[in-house]
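Using the sequences plus the hints, can you model the full thing?
Chains as they are written, first to last, in full-length UniProt numbering: chain Y, 1 to 998; chain X, 1 to 998.
I should point out that these hints are in silico values taken from the structure, not numbers from a laboratory.
Virtual Cβ for every residue (Gly too), placed ideally from N, Cα, C.
If you only want the chain Y side, here are some residues facing chain X, beta carbon under 8 Å, derived:
1) Leu103
2) Arg330
3) Arg657
4) Tyr658
5) Asp887
6) Pro895
Read off the chains here:
Protein chains: 2
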Amino acid sequence: MLSDVNLLYKEMYAHFNISRYFSSKEDLCVCVCVCVTVSPAAERLRHILREEDEPTPTLFTEMDTLQHEGGEMEWKESARWVKFEEKVEEGGERWSKPHVSTLSLHSLFELRTCLQTGCILLDLEGYSLPQIVDDIIEKQVQEGLIAPEIREKISFVLLRKHRHQTKKPIHRSLADIGKSSPSSECPIHFKCVFALRFNERLCGFSRFLFVLLGPNGKTKSYNEIGRAMGEVDFLDKPFVAFVRLAQAATLGGLTEVPVPTRFLFVLLGPNGKTKSYNEIGRAMATLMVDDLFSDVAYKARDREDLIAGIDEFLDEVIVLPPGEWDPKIRIEPPKKLPSAEMRKSVFSLNELGQPNGNAGGGAASAEDEDLPAPHELGEELKFTGRFCGGLWLDIKRKVPGFLSDFYEGFHIQSVSAVLFIYLGCITNAITFGGLLGDATDNYQGVMESFLGTALAGVVFCLFGGQPLIILSSTGPILIFEKLLYEFSINNDIDYMEIRLWIGLHSCLQCLILVATDASYIIKYMTRFTEEGFSSLISFIFISDALKKMMSIFNYYPINRDFKPDYLTSYRCDCQASDQVALNSSSPLGLENISDYSMFNFSALDWNQLSKKECLSFGGSLVGKSCKYVPDLAMLSFILFFGTYSMTISLKKFKASRYFPTKCRTLLADFSIIVSILVFCALDYVMSLDTPKLHVPTQIKPTRPDRGWIVMPFGKNPWWMCLASFAPALLVTILIFMDQQITAVIVNRKENKLKKGCGYHLDLFWVGILMAVCSFMGLPWYVAATVISIAHIDSLKMESESSAPGEQPQFLGVREQRFTGILVFVLTGVSVFLAPVLQYIPMPVLYGVFLYMGVASLHGIQVAVGTGVSEFWERMKLFLMPAKHQPDFVFLRHVPLRRVHLFTLVQITCLAVLWILKSTVAAIIFPVMILGLMVVRKTLDLIFSQHDLAWLDDILPDKDKKKKEDEKKKKEKKKAKSEEHNNSDEEVRTTIIRCVRCS
Amino acid sequence: MLSDVNLLYKEMYAHFNISRYFSSKEDLCVCVCVCVTVSPAAERLRHILREEDEPTPTLFTEMDTLQHEGGEMEWKESARWVKFEEKVEEGGERWSKPHVSTLSLHSLFELRTCLQTGCILLDLEGYSLPQIVDDIIEKQVQEGLIAPEIREKISFVLLRKHRHQTKKPIHRSLADIGKSSPSSECPIHFKCVFALRFNERLCGFSRFLFVLLGPNGKTKSYNEIGRAMGEVDFLDKPFVAFVRLAQAATLGGLTEVPVPTRFLFVLLGPNGKTKSYNEIGRAMATLMVDDLFSDVAYKARDREDLIAGIDEFLDEVIVLPPGEWDPKIRIEPPKKLPSAEMRKSVFSLNELGQPNGNAGGGAASAEDEDLPAPHELGEELKFTGRFCGGLWLDIKRKVPGFLSDFYEGFHIQSVSAVLFIYLGCITNAITFGGLLGDATDNYQGVMESFLGTALAGVVFCLFGGQPLIILSSTGPILIFEKLLYEFSINNDIDYMEIRLWIGLHSCLQCLILVATDASYIIKYMTRFTEEGFSSLISFIFISDALKKMMSIFNYYPINRDFKPDYLTSYRCDCQASDQVALNSSSPLGLENISDYSMFNFSALDWNQLSKKECLSFGGSLVGKSCKYVPDLAMLSFILFFGTYSMTISLKKFKASRYFPTKCRTLLADFSIIVSILVFCALDYVMSLDTPKLHVPTQIKPTRPDRGWIVMPFGKNPWWMCLASFAPALLVTILIFMDQQITAVIVNRKENKLKKGCGYHLDLFWVGILMAVCSFMGLPWYVAATVISIAHIDSLKMESESSAPGEQPQFLGVREQRFTGILVFVLTGVSVFLAPVLQYIPMPVLYGVFLYMGVASLHGIQVAVGTGVSEFWERMKLFLMPAKHQPDFVFLRHVPLRRVHLFTLVQITCLAVLWILKSTVAAIIFPVMILGLMVVRKTLDLIFSQHDLAWLDDILPDKDKKKKEDEKKKKEKKKAKSEEHNNSDEEVRTTIIRCVRCS
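As structure tokens, this is what we get:
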């Protein structure tokens, strides 16, 4: 008998891997037994799981309980698991929200005992439920667990009808599990608890384990069921069976979803404590959805393997103290789960001496988190050393996906993205076109801006390395053009010709940069530089949007002294000027007044003239209300602010609980379009004369005296061709920095782009387009940061077919050329869309710009806890008292003081850049990005590499050093663990000696 | 040896209360041992905890670990617990957010072993750390646990300096714990883990238990410390001590906070697995903050009591499966915790047969939740049966708190509440005053409205039963007055006199209702009725606010055809009418034109006249812009919407993370005032002539031909005095229902009012005021639902001095008379405040009204999970797919279909009421509330009492029935458990027989 006791004792302790310290000799010997059996569970599992099989499929688990309804017994579904638990709520009409299964230690131990004593049938050949039930009963009879007489009765109960929760076709996500399952095998179904009511007090003390599931609180049905089952003591032992079928089989109406069943767990018990019934079933189901245990269940060779699986599970459970948590709270599934692979791998790497090195527990492992994944730029930015090596690699990388770049664009999301980006692009084209027109006396006007945008955009999106990038005119280029035009006017140089030569030189320089793989220096740009640049651009966007809005207030001044009572005193009359003389050169109202031009001016009824006419005839406006325009400014403000806040609200609506997820996603995707439409409609209803979007309606150069092709020679002295090399250098730096830093931001690892990028290819096309645009007298184009980010943002993908309760994961971006091309084609044909576009008020578009700026400040929102420290998030920390700050990973590792210091450095840099940008120095602004990189380099002196790894990325050379350090550490560790093994050996021999001595 | 093994085995199993089923005879005997020892832990604890001592104080627990810094060893604080865990983050400069301690099973088992084998000193007389350390070491030496030679060395290490996290004065909330502690004793401090580094591999296998705390990852310091401690094996056993001092003592610089120390737990161990170090310490600390265990620790008589405490703790822990939860996530403390009392009481009620009836575990107990707490109306609404019995009780209840009703009002929150409610009141007074003036030909105008509001309000707030209620004119009264006035004009009856008689009759009827305790019927008003009424009133508020806003658009029409270019064509001229004749009865501009009246009209320069003048002289306005007023409507809209949304945003800001809680609370309290000020400032800056708040500036009746006192006789026939009884009845019903239902809503149990209410007293004063107002010719007043809710809302209190991480709890409302009185005094002196008030634009006040309506729809927001089913929340459920619905408790218990049906019934009732209210039937509208109660009564037939208990409250008679049912059930249960005990007895005897046989 001693051996039996010892065995039990061993088991119990072994699975906690606890060894104990005793002061007396005898105790020592007892302890020895424990040490010898250190973690047989782990050893067993290592053995099974080492076999490299295909991964096991996801399990769908269903728990049915025996209920008595309408005079008949039936099995009723009471809960189901895909990854998380969903319970049937009281009343039986509703699934609860998916939640983390909170178990009790009891139930787990009780389950363990069930499996130890019950009947285990592994790899049973089964094809139908009756046959399987027969087999189970047969086995039980053979093992002497039940009397042969009661076969029929058990079989009768087990084959009762099954009723499932959902009568309607099952939830999409469940049906999808099959598709997402890695193996070709059909998804496997696990049938969990049959709990059956028998006569009470049949089995004496065993009732602690095998409990009864009564219909919810209806005490009267007790006896009825008793009668139904017969009053004889036909079962003198509880009935437990765990069945694994050799092949998954479809067992008729057994399951809720039409997936074949592989496992069955049957538990029939007499009445006992009425409280802990379901719990064993829930524990079993929770075990079966555990990745590790389900692996074990698939591969188990015998009962002991299953027990070992439970023991390992117990070893890793997370315990919440009862006083600090209310068990009634259903815990929402976490945003991110630790991967099962890690658990498995820890497991196979186990050293004998520390079989549960990590078992110190969940909580402990949080302490020794590794550094965040290093910034990986991949091969794209390697310095190949060959001529055009990078370009060649880029082309090789992009060619295979070229076809998919088109068909992957066919998605409803693309419609929204195209409309959104299109509106952004044409607003930009009009704005910059107007400004360029002003700056260059209409040599490049709105028409050129439209054509150029369309041409450059289409070409770039067709052939570029990163087709998600949107090309646009940018501020620095605008300033350059302005200075150049002034210079040429002052020095009598032909502007278009010198501009052509600068463009050609710049193109050549870009090609040289491409050929020499110069883009590789981009890898020295860390998050610090990116954030500085993109924040600055976002701020410029926001301030521009606000400035434009304010300019409307200036353009349509409000009469602040207006008193309704003095209505009669407000008027504006046109008074004839003293010298009545038609200013024939007046460009305004030329056509309108052609009728009047025949009249004698003195005979003119000045009071009948409109404002424009009056002014063009040289009249002057006199009156209290002349300077003012009513309502327009206010309405514009309402449109502006309304568009912005409605877009923000609709985006946020995605996170609300209303309407099905699909509707919400659609609404969020189309939020900008919806807002634009709503406020265009409002504007239309108000029918006030707000400023509208006007696009050119004819394709012809803005300035009548220029053609579509610029001739390279003829108007300037020959040496100009060479001299333009110098300004071209500045343009090249502008282009290079603007283009590549935007590319880096777009290609950030958080965006999870899969098709790779092509820095060299991008620059190649930008250079070529530069030359083409120069020849055609169109503006120059380069990547636009904010619009590109908005483009990516509108093409985000999230996982759909996840288990109930699992949070949707950000999967990546629809990488394709389709949306980009469509945007620019639309831009090109905008000339024909003018009748539609004229309904869009400008304030609405300014609202869209404000939204774009604000949204790109936040970047693509990364879930908290990914370890990425966002500039904007860190800014917010300044305003939060330490105890309210969110639990960012980097805050766990870097002292707040250092975080603030780092953020302050960034803010200072931003301020300096902002000031530079506001002066004429704006032209060297992109060069200042290089300055940012220098600042980042000096930060290495102030901050430790550890802090920088959390707050920023580590510079490439430092990165290498770090890795080497880590390698060394690992080696050291290895050496140590070997030592440990040796010591274990020692212990073991001591133990064996002890055993002999006892 | 067998006995030893058995003992161990017993222990291990006993604390899980697992009995096992075995099929063979011998096993049966083994099992027997288990059954006999069922839950010795529970028995032990029951014994200790039964002693009725004073409650144990809250423990502050601090964990220090030995670290090696700057060449010296010191104890550094690494975590602390008040209720939740706060850890010192990496870098050691920051406390983590308070979180639920997630432990591992391992650490708990290891801790258990520590306490079993270590040295336990209970009630040690200690006054200083050195002495205590000496005592501990002495004890260890005596017990032979350590060699006497190493005393000095251990003592040296234990007395190293302690360094704490916060150098600045400790966090307020920690210092406050002492105050909030129920016992007069100083808060007790618990010092948790000393873990010390010794030479490695000193103690063989014991290293699994006593682990070493290394400085974070700095491997090189290993040897240095080794040297510091001497290279000799001066310790051949690990060192564990749990000390409870007889009296709490202040142990010098040991603790972070200046509180005396009562407990010490010391753990010194050799090097071992480097992973599970802290975990034992964390487990100990978590145990000490557990209410049950800390009780045990205070009262433990010996080592076994402590072990029993751990076992009970283990029994109740909540287990999270490793695959469904990421241990890195720090779990935020829950909003509400299960009370420790419940756990303790469960414990003392334990039956031997089911020692862990609830131990089926946390999760299971959620299933059989009891019904929500029944609707308690308390004694206030009991039918006393005596004359004025209820009134007498009300007075008795209110008198003791009368003084505190004044001084409790002195709080910063009151300032905001007074301003907010004041603005609401005067806006209401002006609106209703204006409407009443229209309806009664200025017999009651704005002036009367102001005076009446002030008079009635002050009296009610001074002497009323529920001074939180705000009196105001209400819609039904307005309609009644209108009808009455029309009736008297048509029948040549003096309006004021008949009104006086109606008021007197109504007053009398109210007093009769008071004297007969008629208010007791209010208890048949359940949540269903309350919600129907208050939602309706809220909707009326919202629709009124919107209507008023829209009326501004009508009042200041926008010229939609305005084209800036045709500016010159917009004008408005005053044209002399054909028959120039001064309409002397024109009420407008009477004073202004007095100068002109001497003029000859034909000589008048019509063009110079203002609009008013022009119209008053009989001229007509001609011109395109005459009908329009620019900008005012738009600006009004911006002010209206801005005030509303800014208030909402500021209220929400309270839940954000920015700025300290105090700032945010202040801002949220003052949100309405801040919004009003901001938008008044905006209005001032725009300096447009928006409609402003104008209050009367002189105290005199609005109609010059009436005085301040109405004479009861003289103008009408004598029988009118008696006949007015009939209409008075209608008024009484109006008053009674309006008043009492508002009182019920204000006195809702969710508002946690502590001073009790006084329905009879309220009605008494309303009746008296009715008579007084009738005599003075002032409007009648009754409780205003929405403003009263807003009043309560602005006086909410939340707990402040909670343990870090605990959510602030809603404590109740500042119940006092001060704010109410001040509001009405201010209303009275508004006449003198006119110069200030004229800066407030009306649209801003409409925005405030909109906010009030929306806020009162939501009621006082009750935390999710209190089991209260709010109408508005249930409305929202219609829009949510089942799987996204929040986890309301009632949804767990009532099928969604039934919930929706219930909500639909409510919506239908609301719609019917709304329609009624919009017709002339509005006058019988309060009577319809009785209809609602009838509908509620019929719902008893459609819904089960179980469902109604969750969705609504149970009607009083049903409630009794329910209780009786429950009693019966309980009795049944008792009988059953006795049966159980019997069966247990049986088992026990079987067992004893078995033991003998073995």
